[in-house]
Amino acid sequence: MNALAVENLSHSFGTRQVLQNVSFTVAEGRMCILLGRNGAGKTTLFSLITGLYYARTGLVRVFDMAMQANPSAALAQMGVVFQLPTLDLDLTAGENLRYHAALHGLPTELSKARSREELGRLEVLDRIDDRTRALSGGQRRRVEIARALMHCPRLLLLDEPTTGLDVPGRRALERHVRALCRERGIAVLWATHFLEEVAADDDVVVLDRGRVCWTGTADRIVPELGVGSVAEAFALLTGSP
Amino acid sequence: MKVRHALRALDGILRREMLRSLRQRARLFSAMVRPLVWLAIFAAGFRSVLGLSITPPYQTYVLYEVYVVPGLAAMMLLFHAMASSLAMVYDREMGSMRLLLTAPLPRWYLLAARLLASVIVGLPLVYLFLFVARFWDVRPPILGYVAVFPALVLAGLMLGAFGLLVSSMSTQMENFAGVMNFVIFPMFFASTALYPIWRLAEAGPVLATIAAWNPFSSAVELIRFALYLRFDMVSMLVVVACLVAFFLAAVAGYDPGRGLWSRRGGEG
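Here the protein sequences come in this chain order: A and B.
Each residue of the first sequence is one higher than the one before, starting from 1 at the first, in the working numbering.
Each residue of the second sequence is one higher than the one before, starting from 1001 at the first, in the working numbering.
The hints are simulated quantities; they were obtained by calculation from the structure and are not laboratory data.
Do not take every clue at face value.
[Stated by the list, open to error] Reference listing, derived: stretches of chain A covered by chain B, where coverage requires no fewer than 3 residues with Cβ under 8 Å from a Cβ of chain B: (1) 47-61; (2) 92-106.
[Said to hold, decoys possible] Quick list of simulated restraints, FRET-style, between CB atoms: (3) B:A1245 x A:A113: 40 to 46 Å; (4) A:A231 x B:G1095: 55 to 61 Å; (5) B:W1108 x A:A199: 39 to 45 Å; (6) A:R209 x B:P1106: 32 to 38 Å.
[To be verified] A few chain A residues facing chain B, derived, Cβ under 7 Å: (7) S72; (8) L75; (9) F82; (10) T86; (11) D88.
The beta-carbon is built from N, C-alpha and C at its ideal position, and this holds for glycine as well.
Using the sequences plus the hints, can you model the full thing?
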């Protein structure tokens, strides 16, 4: 079963068309990289998948549940890390996680236990009682990922999660998300414009100017396009230098 | 929507509002000081200028301080509602509103929970003000403090729903200065909070008509009557009708298919 299926999705803001007939799938337990330059439409796509914007044309299905018809059931399966930080800076890391858990209907005791567990996995348990205002950018990102995992989602959406992180921080985050995919069978949609975040066996969706211009596994893109590297393939597909 | 899930979400939203409120001490302090300044300075100065005749629900001549306290209690609710509305615009700009709106619950419920939580957090300060006002000889019957509770909740919900509506229409925090100037101040001053209708009629029939139609006047009168163990049916109906209208409009404003959310561009 597909964790996520996007079918013929289009969207515009006024007269500006930002997505045109976007279709792709993310299989259960797979890591899918949504690759696109800034302004390609990745964030708009995330907003449509999460129901922040209403998709007038096309369909979004999460584990076969149509987002438009049953948003609550679809959202219950999703963990989301938005491009913009969404932590409440006046609350501690633990309080942010418990707030999210309450919104997902988790009982207090379970949410306390799970917040410690998730923060521990991401190596920020020692900051559980610190206000997120006092955390570094990398620590905030890890808290956001821990928060997205509080309700044990089967699909994790990450919109440019490594933006603002240093190289070791980016690598650590990537390792952790890949481990989630491998060990817990979580499907991941990871939006980025950093080509080095693509691994050979990842599924890749290349988005350019609101259109999907290539889908497949990363190890196929180079031979299929007859170029020397993923970077060259991306440049060829998007017309970027 | 499961009831247990909905209650846990409400509990979470309420806790968050309380924690944020307690940690923003400057805001708490100014929320308490503002009506006291009005009572201690404005009312003291105006008591000699503004003579009041017998005006319901009062059964005798009252000091200006007595008249103005229910209006100041409503003012606290109004400013609290607008601060809450500003917090929602801030949350939207900072991104944390996304978290609330992507929770697996109907959007109308999430907005209602946020509204209710905001009112609950604001009420203790209003009660504190009403008790402190006793030092200015504003001493309604003790039972009035109980009777005024539903009136404060209803008025708070109505003003909060108005704030929610304003936040659904505001695209940026900078626009909020305009909201203060063109919404909050006219709403407060063109009402029965500071002067009775007949006083306003003396100044001009247009102003009196505006005050009579101003839903904030209904909130003030609902509180005033309840505090003195009287029930103002017309004010209650106006407050309830406005609450429903403002809330429905706010829900439409936050609707992903109709509101600002669908019209604004994403980040990339």
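Each hint, compared with the structure:
| no. | hint | in the structure |
| --- | --- | --- |
| 1 | 47-61 | holds (count 7) |
| 2 | 92-106 | holds (count 10) |
| 3 | B:A1245 x A:A113: 40 to 46 Å | 44 Å, holds |
| 4 | A:A231 x B:G1095: 55 to 61 Å | 30 Å, violated |
| 5 | B:W1108 x A:A199: 39 to 45 Å | 42 Å, holds |
| 6 | A:R209 x B:P1106: 32 to 38 Å | 35 Å, holds |
| 7 | S72 | 4 Å, holds |
| 8 | L75 | 4 Å, holds |
| 9 | F82 | 5 Å, holds |
| 10 | T86 | 4 Å, holds |
| 11 | D88 | 5 Å, holds |
Against the hints set out earlier in the document, a violation occurs for number 4 only.
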